[in-house]
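Q: Here is what each chain is made of, one letter per residue.
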Amino acid sequence: MAEYAELHAHTNYSFKEGASFPDEMALRAVELGYRALAITDHDNLVGAMEYAQAAKGIDLHAITGAEVTLEDRGHLTLLASTQQGYSNLCRLISFAHVLNDHLKPGLDIALLAGHATGLILLTGCANGPVPRLLMEGKRDKARATFLQYQEWFGPGNVYLELQQNLVYGDTERIKRLAEFGHELGVPLVATNNVHFHVRERHRLQDALVAIRHNKSLEEVRHQLRPNTEAYLKSPGEMAELFRELPEAISNTVVLAERCEFNLTSGLSYRFPGYPVPEGYNPLSYLERLCREAAVRRYGTITDEVEARLQKELRLIDRHELAGFFLIYREIIQIAHDVQADLGLVEPETPIEASPPGRGRGSSVAMLVGYLIGLSHIDPLCYNLSLERFLPDENMPNVPDIDLDFPRNIREELIKRVHARYGWDHAALTGMISTYKLKGAVRDLGKALGLPSDEVDKLAKRSEHAPATELQSEMEA
Amino acid sequence: MVSPTRGADVTRALRPLNQPSPIEVEADSEGVPARVKQGQSWITIEAVHDHWRIHQAWWRGMPVIRAYFAMTLSDGRRATFFQDGVTGQWLRQSYG
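First to last, the sequence lines map onto chains D and X. In case it helps, this note's numbering puts the first sequence at residues 1 to 476. In case it helps, this note's numbering puts the second sequence at residues 477 to 572.
Read the hints as simulated data drawn from the structure, not as lab findings. Glycine residues also receive a C-beta, built at the ideal position from the N, C-alpha and C atoms. Take these hints with a grain of salt, some might be off.
What the hints assert, rightly or not - Ranges of calculated distance between the beta carbons of each label pair, as one might list FRET restraints:
#, chain 1, residue 1, chain 2, residue 2, range
1, D, 113, X, 562, 48 to 54 Å
2, X, 569, D, 452, 54 to 60 Å
3, X, 562, D, 236, 23 to 29 Å
4, D, 113, X, 569, 44 to 50 Å
5, D, 468, X, 508, 38 to 44 Å
6, D, 73, X, 499, 39 to 45 Å
7, D, 222, X, 514, 50 to 56 Å
8, D, 456, X, 519, 55 to 61 Å
9, D, 73, X, 508, 33 to 39 Å
10, X, 562, D, 404, 57 to 63 Å
11, X, 538, D, 415, 56 to 62 Å
12, D, 456, X, 562, 30 to 36 Å
Work the whole structure out from these sequences, hints included.
A: Set out below in structure tokens:
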């Protein structure tokens with residue numbers, strides 16, 4: 001049986017372009033006998049962890065990558081083979097959004113030079129610079145471009161990407177790329193530019209494109225895929241498509257094996273340190289701050305306070321969290337300063353006496369939290385157990401501390417946190433909106449070109465339910 | 477209004493360019509054309525150079541589903557045929 005690894009696939013996190021969830025892609029890949037699959041969403045890694053976790057659960061080798069859009073709107077496919085490669089990919093995607101336009105990202109190609117280590121480059125779809133130049137007959141320019149990629153990434157890390165989606169022009173493009181590859185002695189790799197996990201999902205993919213353009217399918221018909229071939233194909237189907245270039249198929253497996261980076265285990269995250277005054281380390285400085293606050297809180301450090309403090313500091317030291325808590329305290333201090341500047345609190349009031357935020361969840365069980373202003377709940381008074389938040393054994397996850405700040409300081413606090421840490425070290429987390437039934441009915445109705453008053457009537461009758469219930473709602 | 481410089485017959489003579497024309501084709505077990513009927517005789521297909529598919533307009537009552545083949549006939553001529561995925565009919569049409 002042919003062996004093949006798909007190295008270019010989009011999930012629904014290629015927003016309004018990909019039509020399948022990461023777990024659908026992963027499950028289908030395993031059903032088809034794949035051992036590896038790369039998800040390469042457009043200009044983001046939003047679905048990368050979700051995919052990696054789904055793949056881990058079913059013993060599929062998840063390769064992390066992205067299809068990156070260049071400033072000239074060309075595309076390149078990048079795969080992370082090492083942690084350094086993943087780090088570089090994150091930076092490149094960030095540059096594409098920050099230095100260009102976050103709604104229409106575009107990467108300055110010159111930035112690849114300093115961020116190529118640990119990445120494998122595939123020359124992209126029909127819109128890749130090299131295939132485009134070859135189809136325009138600009139062979140010398142294509143050669144120069146390809147050699148530049150090799151200089152940046154290393155000769156063994158650049159592959160010519162061949163796609164046969166049975167679209168008019170694909171055969172000629174493959175012919176030119178293969179000749180080019182054989183002339184230069186560079187490897188070829190086949191991909192299918194997957195946009196949905198099964199063929200039947202092509203209708204949704206078309207509808208998503210229409211929704212993206214806010215038009216009907218009829219109005220955007222020239223921008224839709226010309227056929228339904230961009231589904232996750234079986235290794236046998238791919239081998240048949242490339243029967244005259246079997247190396248393009250076998251190279252996918254070679255490449256997949258080189259991509260050793262695993263997002264679920266390869267990040268080796270370390271908690272941050274903290275710049276402390278001379279004579280201290282983060283733990284001893286945290287202890288000093290807690291002792292000073294404990295005297296203010298309790299009048300004296302009782303045996304009970306001392307025992308609890310020692311226990312928590314030991315656990316904080318064990319899990320290397322001292323810097324983590326000091327950063328939280330700093331943010332709380334910034335929030336306190338904002339409150340003081342707005343006249344909401346006296347500047348000299350200690351932060352633990354009037355915490356600007358409200359801690360919630362299991363973190364309020366910490367005495368350290370109570371003393372650094374993270375929480376307004378005295379855990380000793382309410383006999384709160386520490387184990388749920390800070391266990392003695394290995395912690396499976398990063399401690400989850402939720403801090404809510406009042407609305408009236410939010411805007412200024414956001415600005416000051418960004419100013420303190422820098423715009424490249426602080427960010428607002430994005431929210432991904434998902435369809436409710438009403439919205440799905442309206443958008444699909446418009447895409448299908450249905451009369452707007454009929455769509456409105458249907459939408460109003462729809463229950464307040466997730467869009468996943470659309471089918472049962474229509475049958476009802 | 478400007479009078480037409482040619483007679484009214486010109487209007488009736490206008491027809492869409494590159495209209496596909498039905499042909500009779502025998503295909504192999506994989507659906508690839510093997511020979512085509514021309515007049516009373518059959519011409520063998522020497523080689524198939526390219527194959528592409530169209531599947532569009534599924535939202536209309538009649539989707540457009542076609543499997544195209546660009547080929548060289550045994551008499552040296554080049555031709556493009558497609559099989560209609562809805563009716564199964566084979567048609568000839570210039571492409572590209």
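Q: Mind listing which of the numbered hints don't hold for this structure, in increasing order?
A: Result: hints 2, 7 break, sorted rising.
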